[in-house]
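In the working numbering, the protein residues as written are 1 to 290.
Hints in this document: simulated from the structure, not taken from any laboratory. Ideal Cβ placement from N, Cα and C applies to all residues, glycine included. Be aware that one or more of the hints could be misleading.
Derived DSS-like pairs: lysine-lysine, alpha-carbon spacing no greater than 30 angstroms straight-line [what the hints assert, rightly or not]: (1) Lys284 x Lys193; (2) Lys42 x Lys88; (3) Lys247 x Lys212; (4) Lys88 x Lys193; (5) Lys262 x Lys212; (6) Lys212 x Lys186; (7) Lys88 x Lys186; (8) Lys42 x Lys186.
What follows is a set of in silico ranges between Cβ atoms, one per label pair, in the way DEER data are often shown [said to hold, decoys possible]: (9) His275 x Ala43: 53 to 59 angstroms; (10) Ala74 x Ala107: 40 to 46 angstroms; (11) Asn218 x Ala190: 30 to 36 angstroms; (12) Gln56 x Arg167: 38 to 44 angstroms; (13) His275 x Ala216: 28 to 34 angstroms; (14) Phe96 x Gly273: 43 to 49 angstroms; (15) Arg200 x Gly54: 46 to 52 angstroms; (16) Asn218 x His275: 31 to 37 angstroms; (17) Ala121 x Gln17: 17 to 23 angstroms; (18) Trp37 x Ala287: 58 to 64 angstroms; (19) Gly148 x Ala97: 56 to 62 angstroms.
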Amino acid sequence: MSQDTPYIFDATDATFQQLVIDNSFHKPVLVDFWAEWCAPCKALMPLLAKIAEGYQGELLLAKINCDVEQQVVAQFGIRSLPTVVLFKDGQPVDGFAGAQPESAIRAMLEPHVQLPAAPTASPLEQAKALFAESRFAEAEALLQALLGEDNSNAEALILYARCLAERGELGEAQVVLDAVKTDEHKAALAGAKAQLTFLRQAASLPEVADLKSRLAQNPQDDEAAYQLSVQQLARQQYEAALEGLLKLFQRNRGYENGLPQKAMLQVFELLGGDHPLVSVYRRKLSAAMF
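Please model the entire structure based on the sequences and the hints provided.
Encoded structure:
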């Protein structure tokens, strides 16, 4: 049977008043009448436990062993097992007999039990979400406040540097990255440094329109192909950039001492291993190598 937790516990004839009746004036208490010999009881209990834990304290689950606690069983006229009764404000308000699907149990509970409050995202998680939506100014404001309280937060420093880089403050972004002294977020740090590299390179390269014109006249112009990919990376056009770098690698893998492959690896660091483009282009790069 399920293990006791702060929300799940055994109740007896002696403790029923305190653990079920008294508690039900504060939180609804679901009482599971069960027995060791009852196979449906043993199947139902893990489901009830899962539901109770999901309510995070808004619902309590009391277990009554009917082979032992005869007084409570007689008091409530329990005739079949499993029987489940919901108590609220000292009274039974709902329940069911026999095994039930999860959806039916939740439907029974819904009018009586308050759903737990949704967890509030931390300022750092909020900033990450804003950055992912390209709302860099809002993310930066959150990060400034966070770093004002703890300027050693490496993850926040790295994301703050990326916000600065997105608005062209490359020197300031570099200073922030240099302040990161831990190895705990090596991949994120490498990604941020890659972003700075691409933005710096793009600043000194020809305009996108000029590069596209060169490639239209000569599709084998490796320099224009690489430079266009860098410009695309600076504009967060990651898929187009990776496709261009892959084609350049396939055509001329030795270009500038393997620059296309090195750039692709930097993009993988920039995007992070969980990004869907990374898994796709890792496979494509691997296939092109062998």
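Hints versus structure:
Distance check on the hinted pair: Lys284 and Lys193 sit about 24 angstroms apart at the alpha-carbon level, within 30 angstroms; holds. For the hint linking Lys42 to Lys88, the alpha-carbon distance of about 25 angstroms falls within 30 angstroms, and the restraint holds. For the given pair, Lys247 sits about 15 angstroms from Lys212 by alpha-carbon distance, which is consistent with the 30 angstroms threshold. A distance of roughly 58 angstroms separates the Cα atoms of Lys88 and Lys193; the hinted pair therefore is violated under the 30 angstroms criterion.
Restraint check for Lys262 and Lys212: satisfied, since their Cα atoms lie roughly 22 angstroms apart, inside the 30 angstroms limit. With a C-alpha separation of about 35 angstroms, the suggested pair Lys212 and Lys186 falls outside the 30 angstroms cut-off, and the hint is violated. Between Lys88 and Lys186 the alpha-carbon distance is near 52 angstroms, which puts this suggested pair outside the 30 angstroms criterion. Taken as a hint, the Lys42 and Lys186 pair is broken in the structure, with Cα atoms around 47 angstroms apart against an allowance of 30 angstroms.
His275 and Ala43 have their C-beta atoms about 41 angstroms apart, which leaves the hinted 53 to 59 angstroms range violated. Evaluation of the 40 to 46 angstroms hint for Ala74 and Ala107 yields a failure: the beta carbon distance comes to about 30 angstroms. Between Asn218 and Ala190 the Cβ separation comes to about 34 angstroms, which falls inside the hinted range of 30 to 36 angstroms. Range check, Gln56 to Arg167: Cβ separation about 40 angstroms, and the 38 to 44 angstroms hint holds.
Evaluation of the 28 to 34 angstroms hint for His275 and Ala216 yields a pass: the beta carbon distance comes to about 30 angstroms. Phe96 and Gly273 have their C-beta atoms about 46 angstroms apart, which keeps the hinted 43 to 49 angstroms range intact. Between Arg200 and Gly54 the CB atoms are about 49 angstroms apart, so this pair conforms to the stated range of 46 to 52 angstroms. Checking the proposed 31 to 37 angstroms range against Asn218 and His275 shows it holds: the Cβ atoms sit about 32 angstroms from each other.
Between Ala121 and Gln17 the CB atoms are about 41 angstroms apart, so this pair departs from the stated range of 17 to 23 angstroms. At roughly 60 angstroms, the beta-carbon separation of Trp37 and Ala287 lies within the given 58 to 64 angstroms, and the hint holds. About 59 angstroms separates the C-beta atoms of Gly148 and Ala97, a value consistent with the hinted range of 56 to 62 angstroms.
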